[in-house]
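Peer 1: Given the sequences, and given the hints that come with them, work out the whole structure.
There are 2 protein chains.
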Amino acid sequence: MTADASSLIPTIRRLAAQLRIDSIRATSEAGSGHPTSCCSAADIVATLFFSEMRFDPAAPRNPDNDRFVLSKGHAAPLLYAAWAAAGAFPRADLMNLRRIDSDLEGHPTPRLSFVDVATGSLGQGLCAAVGLALNARRIGSDYRTFVLLGDGESAEGSVWESAHAAVHHGLDNLCAITDVNALGQSRGTLWGHDLERLARHWTGFGWQTLVVDGHDVGALQQALANARGTTGRPTMILARTLKGKGVSRVEGKDGWHGKPIPKGAELDEAIGELEAAQGGTPSRPSIPMPTRSRRPALAGPSPASVLERTPPYQVGDAVATREAYGRALVALGAADPRVVVLDADVKNSTFTELFERAHPERFYQMFIAEQAMVGAAMGLASQGAIPHASTFACFLSRACDFIRMAGISGLNLKLAGSHAGVSIGEDGPSQMALEDLAMMRAVPNCAVLYPADAVSTDRLTAAATYHDGFTYIRTTRPKTPVIYAPEEQFTIGGSKVLRHSGDDVVTVVAAGITLFEALEAYDRLRDEGIVVRVIDAYSVQPIDAATLIRAGRETNGAIITVEDHYPAGGLGDAVSCAVSPYGIAVHRLAVQEIPRSGRCEELLERFGISATRIVQAVREVRMG
Amino acid sequence: MTADASSLIPTIRRLAAQLRIDSIRATSEAGSGHPTSCCSAADIVATLFFSEMRFDPAAPRNPDNDRFVLSKGHAAPLLYAAWAAAGAFPRADLMNLRRIDSDLEGHPTPRLSFVDVATGSLGQGLCAAVGLALNARRIGSDYRTFVLLGDGESAEGSVWESAHAAVHHGLDNLCAITDVNALGQSRGTLWGHDLERLARHWTGFGWQTLVVDGHDVGALQQALANARGTTGRPTMILARTLKGKGVSRVEGKDGWHGKPIPKGAELDEAIGELEAAQGGTPSRPSIPMPTRSRRPALAGPSPASVLERTPPYQVGDAVATREAYGRALVALGAADPRVVVLDADVKNSTFTELFERAHPERFYQMFIAEQAMVGAAMGLASQGAIPHASTFACFLSRACDFIRMAGISGLNLKLAGSHAGVSIGEDGPSQMALEDLAMMRAVPNCAVLYPADAVSTDRLTAAATYHDGFTYIRTTRPKTPVIYAPEEQFTIGGSKVLRHSGDDVVTVVAAGITLFEALEAYDRLRDEGIVVRVIDAYSVQPIDAATLIRAGRETNGAIITVEDHYPAGGLGDAVSCAVSPYGIAVHRLAVQEIPRSGRCEELLERFGISATRIVQAVREVRMG
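Read top to bottom, the protein sequences are chains R and H.
One rule links them: number in my numbering = place in the first sequence (from 1) + 2.
One rule links them: number in my numbering = place in the second sequence (from 1) + 2.
These are calculated hints, taken from the structure and not from any lab test.
These numbers come from a predicted model, not from an experiment.
Check before you lean on any hint, since a few could be wrong.
One copy or two, either will do: identical chains are not told apart, so a pair holds if it fits within one copy or between any two.
Unchecked claim - Only pairs whose alpha carbons sit at most 30 Å apart, straight line, appear in this in silico DSS-like list of lysine-lysine:
#1 K498 with K255
#2 K265 with K498
#3 K255 with K481
#4 K481 with K265
#5 K498 with K261
Peer 2: The following block contains the structure:
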């Protein structure tokens, strides 16, 4: 340890006491929260913030700041207290914790400028931190990424997915610290205070692993310096701590998780004890500023120049939308250096291998670890990259909780899922996404796109890239015919009315693979003298309510929806949500039961979403 | 190795060749599938089936059979070929692989009697196997559980969640084998053939870890015998293999994942090569029968005796539904030994700690690892246990892909999620389930229940327990008043009309916490001389369509839904799906944006689902 570092120890100790005092006071005032989880980690956070990290407290979004992710998000008051101590905002604000008019929420969200990704669902912080560490390379910055885990959350598989990823990518700019206080929410953790056992997990995964006393500031400084000097691999510091450290009433005791100390004598006693140990007010620490990136922040082109590009397809070509997605990414990547792509070992199915070939330095292979993939994409998205992450749509469900948290974080994340629905055929239900629209629509700020042909896929991939927010693109396995001219425009929230007359008896709303069934049904019905309106609802969320309401009203107040998805949460629900306040009847064709293996056409028929079934439904609706 | 085991080696080798031949022929005939992934594992599977496992090929559901889970489900043809070789069905049937009229699907599902849980979403098999191994203890059987993983799927976090769980529970009756063929779908795996590196992961996690040549039958036998003789911990056998082993054209080569060998000269050459190496037809092996359980299979009481139990609540009591859930489980556990409970370190929030206290031997702590929890519950459910697994509803999203696969598996699984919606208050959005109804409704064979008070929770927990299939119960954090008399009956698919007159101007449909807002709105409106119908839609799926349609028709064709959930996929969508074909207008009150921390009442108001908002909506609908 340098003399300089060791001279800071008394100040850091006083600051740690201050963080404890602030965390306890704020949670007592709020009447809820996790003060004991803050107390165990206070020395770690004080050492990080006031002796290790380089950042500008006045500009938390400075791209060259060292990053800190509080994976154990329930210790939010500690994080807030640290930023207040650093001077980012007045300490007095801490007493507004958890109030509806304060951004100091129960768990951290990016409403706060010093939070990159929301935490509070355990096991996600390390995944995001991998993305933050990859981003440092992307922008040529020497910032370091720190993440504080709880020991309890180390049972989450996502932690080990990102442990693999960090080693594979050689992230020596990443340092994780685990606050091993040995107590979970409801009981002791898997490991208790057997840090050697936990250390074997990390060592076995290839991490440099250091075991320290998490209340010994000097030891923490030394471990952090060791991590800083280590090349080629990430470091895990396992810090032995006591939950509730510093308050004898609760220190090291089970049964105090998520319980504030009652105001009055108990609170006064706790604060008194901490103040006595503190021995005076800490001085305001001086925090080293970050160095500027070696190359300027990557700026993008004007979106218009990219969006005006003409898709390289002609009407009648047969192209799978998943391939059109991959090809669009290549073009977007060429035009805009912020575009990066993440894969989970299916790049030859999603066609992101085309991007890897064209832009290998911006392609991140995360192997079969969807949580690590989405988590890393979240970290990258928080720092100005435009990450497209994709796998089979059904396997995105593996990252459902990350997707939920990405929505809460308001991130500019782009997901795509291929192999939608029964149309994949012989591989069977485990590979068929039939609930992905429900999952993605349940993120209220996510745009959900489901293009039918290559032209619309190309356009919508570009539109998603330059949409300021979360997007999802659903693609199809089999080839489908190109039906749109290359100059056709597609917008988030739009739709296309493909068949239309004054005599339409009903409106058929389809998207993706079922659009071709609807068009086939149109042809068959026309031969019988029945005409229907056909709408391509390629933007499932937001959906083009105005067009649907008008169509419903003009076609006898009746709409038939047809989708390669279960009935719940998909296209039918989206359409119904838009039109049902107006009393327009919606009849749904969807996959009503668990499907099975078979040929694509057989399955569309068997599970009730074929042209034949649409024709039948039109006749039934017409009969009333 | 015993002389007996070594004498089997030539037969096993011939059988392994047969499994390769069958897998290749079947996939070539189907025109799709994963023959090279079968070939790498053929010696492993042949050794397991014909030298290690004790089972009755004529009775695959015999509860004392050794269990085998093919976690790398894409090697399904190998599994089918093994069961055919064991005599379970004619080998000729293998040529029906992947046909719509065959149960030999692209990936295994329990449509087949020898499959316990569907696989094909990687990384789930070991989780289910933990449940199968726990089940052996539950029923007092000495059966052993084997699971075959791919190396690629070892990147999935769920594998490591269950690795923790297996060690914690000391599952020495569990033996995992990893087929380390070094090739994933699109490229080499994380580890390639560095088995020592992979071994350090497993050793670090506390498993006995053995590294063998996966094409050396004798070595495999020895490793399996070693595992069988090991006490106190599970065994991982890492088997070095070559993808496509035995067919020179593809053996050990990248670019052959998921590709059948083309029929004609290429297929003939491959089969010829395998037959030449086989050196003649294998004899039908004799497979040792399992021993009977030491105690009889656990039978349940007549459901009626449990269902007729009177809930211990009186109208007006204030009881959180999560507490009523925990108390109901205690009673159900006392009445029925098949009832078991799994937790993810939130037992003091979900109140399953009451069950742990009452029935500790049937309570499984899985720590903060929701995939491992649901996966183990899936394994237990497949063997006649009635597993209730619960955590915060938002964290069930962590296991979304497992839930999807549990639906495909048709399992008798019972999930419950607590802390639904913004009503949890100050903890903020990361802890609020606002998409769980969407997730669970998107499992088409899952009953989704959302009781409002303690009596209905008690009744519905019993109904779920004796429902033959997948169920989900959503519970609420704050206490709510008991509104139903203890003798009131509740059924899956039912509802309660709580306010009703001939003058109702509109129907308000609520469930859970919003039911009390609806009742309050009723009172306020009645004071203005407006009456509305109020329905408790406690069964969100299946929903009581008949009652809703009748109510809609009797109240001016208008329904207002109000739910503590995002609009997509929840109660509004469920109601709309039921009534929208009849042109009944549905107006939705739901949480339309990402919420924040605050007090429960503040949040209900701010996010538009309070009594005040319902009153306002009724007035608006009335005005038209």
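Peer 1: Next, verify each hint and record whether it holds.
Peer 2: Each hint tested on the structure:
1. K498 with K255: Neither, since 63 Å and 46 Å both go past 30 Å.
2. K265 with K498: neither (61 Å within a copy, 43 Å between copies)
3. K255 with K481: between (61 Å within a copy, 27 Å between copies)
4. K481 with K265: Cα proximity of K481 and K265: across copies only (23 Å, versus 66 Å in one copy).
5. K498 with K261: neither (55 Å within a copy, 37 Å between copies)
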